[in-house]
Amino acid sequence: MTDTFNKILQISLYVILAISVILFVLFYIKGESMTNTVIYWAYILLAITVLLLIGFPIAFFIKNPRKGLTVLFVLIGFIILFGISYLLASDATNAVVYEKMHITANISRLIGAGLIMMYILTGITVLSLIYTGIVNAFK
316 MTDTFNKILQ ISLYVILAIS VILFVLFYIK GESMTNTVIY WAYILLAITV LLLIGFPIAF
376 FIKNPRKGLT VLFVLIGFII LFGISYLLAS DATNAVVYEK MHITANISRL IGAGLIMMYI
436 LTGITVLSLI YTGIVNAFK
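Counting from 1, position 12 in the sequence shown corresponds to residue 327 in our numbering; the numbering is continuous, with no gaps.
Each hint should be verified, as a subset may be incorrect.
With beta-carbon atoms standing in for the labels, derived distance ranges [as the list claims (entries may be wrong)]:
id, residue 1, residue 2, range
1, Met433, Tyr413, 16 to 24 angstroms
2, Tyr355, Ile435, 28 to 36 angstroms
3, Val340, Ile373, 17 to 25 angstroms
4, Thr440, Phe388, 15 to 23 angstroms
5, Val412, Phe339, 27 to 35 angstroms
6, Glu347, Asn421, 30 to 38 angstroms
7, Asp406, Leu341, 37 to 45 angstroms
8, Ile391, Lys454, 48 to 56 angstroms
9, Leu436, Leu366, 31 to 39 angstroms
10, Phe453, Ile326, 43 to 51 angstroms
Quick caveat, the hints were computed from the structure, so don't treat them as lab data. Please read all numbers here as calculations on a predicted model, not as lab measurements. C-beta: ideal position from N, C-alpha, C; glycine also.
Input sequences plus hints: build the corresponding full structure.
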């Protein structure tokens with residue numbers, strides 16, 4: 316079962332890679348006339364990614380409910396972190412710039428929340444790396 320799954324996955328990845336390379340070459344050769352096609356391909360890849368990101372944790376949770384609780388706690392942590400980031404974000408808008416791009420106050424706040432969340436996660440990552448380095452130095 317695992318070998319079959321791995322072969323299917325590997326073949327699927329090669330097919331996606333081949334299609335992406337072909338579209339890249341066509342975009343490079345034909346120019347702007349291929350823009351919509353490349354954007355639609357990006358949407359398809361995004362949809363596949365989202366389905367896999369949602370599907371695999373659900374399958375893992377069904378297969379291993381006790382270990383799945385860890386994944387559930389991490390997901391709850393991300394939701395809480397996004398909530399904190401959203402509360403910290405400002406909805407102030409620069410009317411000239413945002414009017415050109417049709418950005419509302421709510422979209423501005425979501426963008427700010429995403430940036431704040433990225434900053435927090437980057438800080439956590441850096442602190443984790445420093446902590447790991449210090450702990451390993453004393454072992």
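Checked hints:
1. Against the hinted window of 16 to 24 angstroms, the Cβ-Cβ separation of methionine 433 and tyrosine 413 comes to about 20 angstroms, which satisfies the hint.
2. At roughly 34 angstroms, the beta carbons of tyrosine 355 and isoleucine 435 sit within the given window of 28 to 36 angstroms.
3. In this structure the supplied range 17 to 25 angstroms is violated for valine 340 paired with isoleucine 373, their Cβ-Cβ distance being about 37 angstroms.
4. Take threonine 440 and phenylalanine 388: their Cβ atoms lie about 19 angstroms apart, and the range 15 to 23 angstroms holds.
5. Restraint check, valine 412 to phenylalanine 339: a C-beta distance of roughly 32 angstroms satisfies the suggested window 27 to 35 angstroms.
6. For glutamate 347 paired with asparagine 421, a C-beta distance near 32 angstroms keeps the hint of 30 to 38 angstroms intact.
7. Take aspartate 406 and leucine 341: their Cβ atoms lie about 42 angstroms apart, and the range 37 to 45 angstroms holds.
8. Separation of isoleucine 391 from lysine 454 is about 32 angstroms and departs from the stated range, judged on CB atoms against 48 to 56 angstroms.
9. Under the hint 31 to 39 angstroms, the C-beta atoms of leucine 436 and leucine 366, about 24 angstroms apart, miss the expected range.
10. Here the CB-CB span from phenylalanine 453 to isoleucine 326 is close to 47 angstroms, well matched to the stated 43 to 51 angstroms.
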